[in-house]
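K.L.:
Chains as they are written, first to last, in numbering that gives the first Met the number 0: chain A, 0 to 624; chain B, 0 to 73.
Hint data in this document are derived by calculation from the structure and do not stem from the laboratory.
Keep in mind that this is a model prediction, so the values were computed, not measured.
Treat the hints with caution; some may be incorrect.
Below, in silico cross-link-like pairs of lysine-lysine (DSS-like), each with a Cα-Cα straight-line distance of 30 Å or less [unchecked claim]:
| hint | chain 1 | residue 1 | chain 2 | residue 2 |
| --- | --- | --- | --- | --- |
| 1 | B | K72 | A | K244 |
| 2 | A | K258 | A | K49 |
| 3 | A | K325 | B | K72 |
| 4 | B | K63 | A | K330 |
| 5 | A | K244 | B | K63 |
| 6 | A | K245 | B | K26 |
The lines below spell out each chain.
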Amino acid sequence: MKILLAPLDPVHDAGLKLIKRKLEALGYQCVLLPPDITVEEIGEAAIAEKIDMIFVGRTVGYGVEQLFRRVRTVLTAQGIFGKVRVAIGGMAVTNELAQSLGFEAGYGPHTRIEEIHALIEKNPELARHVTHPIKNKPKFPFPHSNEVKDSTTRKLLNEIVDGILDWTSNKTSPGVVRAHITESQLQYVHGSVENYTALPFTKDYLAQCDENIVDFFQRNTCPSSVRQITQKEIDAYHRRIDIAKKNFHPRVLQHGRTKPLVFVQYGTGCPMMDGMHIKVAESWGADGVLHFDPAWGARTEGLMDGFLTNAEDGTPVTYANLSLIKRSLDKATLWTVRAHRGLNTPEIAVLSGFLGADMTKINIVYGSICGGTDPARLTVDGVDAIRIAQRYNMPFDIPTNEELAGVPPHKAFAGMLVMAALGKRLGATPILKPLLCHGPYIMVNELMEQNYVDYNFAKIRALQAIADFPIWPGEPIGFMTHTEEKEQSAATTALHAAMCSTLGVDAITTASTDEAFSRGSITADGRVGALRSIEEAFRFFGQTDITPTAKADEWRDEIISGINQVLKNATEAPSFVDALYQGVFGDKADGVYPGRAGKNSVQEIKVPIARRTENPRRHALARCK
Amino acid sequence: MTTARDTIVDALDIESFVLCESEAEAKELVGKLMQSLGLARHVIVSLDFNGPGAHFRVRAYMNKPGDTYTWLKE
Chain A
0 MKILLAPLDP VHDAGLKLIK RKLEALGYQC VLLPPDITVE EIGEAAIAEK
50 IDMIFVGRTV GYGVEQLFRR VRTVLTAQGI FGKVRVAIGG MAVTNELAQS
100 LGFEAGYGPH TRIEEIHALI EKNPELARHV THPIKNKPKF PFPHSNEVKD
150 STTRKLLNEI VDGILDWTSN KTSPGVVRAH ITESQLQYVH GSVENYTALP
200 FTKDYLAQCD ENIVDFFQRN TCPSSVRQIT QKEIDAYHRR IDIAKKNFHP
250 RVLQHGRTKP LVFVQYGTGC PMMDGMHIKV AESWGADGVL HFDPAWGART
300 EGLMDGFLTN AEDGTPVTYA NLSLIKRSLD KATLWTVRAH RGLNTPEIAV
350 LSGFLGADMT KINIVYGSIC GGTDPARLTV DGVDAIRIAQ RYNMPFDIPT
400 NEELAGVPPH KAFAGMLVMA ALGKRLGATP ILKPLLCHGP YIMVNELMEQ
450 NYVDYNFAKI RALQAIADFP IWPGEPIGFM THTEEKEQSA ATTALHAAMC
500 STLGVDAITT ASTDEAFSRG SITADGRVGA LRSIEEAFRF FGQTDITPTA
550 KADEWRDEII SGINQVLKNA TEAPSFVDAL YQGVFGDKAD GVYPGRAGKN
600 SVQEIKVPIA RRTENPRRHA LARCK
Chain B
0 MTTARDTIVD ALDIESFVLC ESEAEAKELV GKLMQSLGLA RHVIVSLDFN
50 GPGAHFRVRA YMNKPGDTYT WLKE
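Just chain A, with the same shape it has in the complex (with noise of 0.2 Å):
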């Protein structure tokens, strides 16, 4: 097929040349026109070269209504209109002017190589996959040895990581036990929200539960902020899920590297918005969700049942939310669901690996002096949950958002090691999730004064010179550098993500161009801000990285010393709790102290732990008055 390229311009013809380019390498011929000719000229070398198909190009966005007008009475004045195919372009030409004016088609920017490709050859599927590409779940962790490289280090972990299970080892809490109740009763839900509704809440899961939940089950009450989701509206949700299922076409944020994934954190209050939500961020090209639950969720024993929403921010975990948001999801979509900080965290971890998240999180020492719960509560709780994660097959990331209370990062990073070391001794796979932040150890310091980029530099590659662990910062990137300001937030998103792509991390997570907002709850549109600006970002380096200055490897050093003097005060405590408790991991001059939530709920263990309650099963559909 000889085709024929036309610039109707004065001299933009680089479009032109590119596609000549590109459709020779196909094997086409193509003639392409000098710059600045009439549109008699365009068909007079059609007649003379024997042309197939033309396409005319108009950079210029002024007048190409009437320009191509004319281009088409001229052409058929000529006898060629009709009889050679014939298709514009241009920055102002859409594929509904072209059709409107009679042309084959038009193409506007951005039009990939296959979608002209595939108009040639009248083949729509040469082009389906940049028109309609398909997005396969990856297989997340990617691979690490999880090694602890520095022989110091490793032995000051495994000895912090023997403390650990030795002190766990005859005790249990009541987080625990709920957590073994249910799991016992799920072989009996067949993945029914309905027949988990109808589950017994049986006095021996009751027994362990806080006098709110026991109202929740027995008087049908729940916390003012809280109300049942009819079921008029969970229908209603299910179709605007499926019309966005049926018009979803993934985008691939990376350019030209498969990492970072880019995780898009949840959590409005409200399973159906946060749906909403997680089909804008897949559509507009995120690999990944978190779910975050409301904050006194944590700090309250058992959870709740049934389709709730929290006019909070945080969205209840309860089986059927979980299932909501596990529907709405696309199936290359990886989907996290925070366990970590509270007295839920075992029962959230079976949930979530239940219902096939793909991911949870748990950090004792987070959880513990920073998250609100007792230090001994959640090592116990920590331990087990870190177990369900291992059979269920969850790999768990370990937050670090002491550091937004000042704990500086070496303390953090060294707890971090510890759930580390901790999760591969049981079997799970750990994630490392430092923060990248202006918190406040930093801005004190003035670490950052002359830019983000070297103390962040030096923290990740910390971390990358002590252990090979998977590393995924988050939560969100930049935290604490983004103003109210949409174009601020978004660029300063977009320049993280681009130094992650550098620092060569797994994944990174972002919020929405709301970040710095708290006056009012994320929004949709702020989603896609933080996503374009990240696409954009990887766009721009591509495979170029960013170069911090020789102070990163000086405070890099700074901070590998400070882990492991952390690491060996802890072992110097009686115990990790009693570590804990001492503040060696954060103390109240970096703005962190003990938990008080589970106080005294630890017991030790003197029967074993029931695995499966005899209790008559009792309905208990829960309504919220």
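Keeping the supplied structure of chain A fixed, place chain B upon it in accordance with the hints.
P.N.:
For chain B alone, kept in the frame of chain A given last:
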């Protein structure tokens, strides 16, 4: 019947630049603007005054988490 407004997932943001002589005046103008558009329940997300006026983003929530969403109306 569903209106275009009902299809907004959560919030309608308006971003522009108003000519004014102070941040306080900008806030007042933005408030009046939203009132005139029938969007009384609004919040200024960001506002940056300098030189000739203020660059602002103002938000009117149509659906907040926990509401009965307009986009679920049949």
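K.L.:
Look at each hint and say if it fits the structure.
P.N.:
Going down the list of hints, with the structure as the test:
no., hint, in the structure
1, B/K72 x A/K244, "19 Å, holds"
2, A/K258 x A/K49, "48 Å, violated"
3, A/K325 x B/K72, "23 Å, holds"
4, B/K63 x A/K330, "28 Å, holds"
5, A/K244 x B/K63, "23 Å, holds"
6, A/K245 x B/K26, "42 Å, violated"
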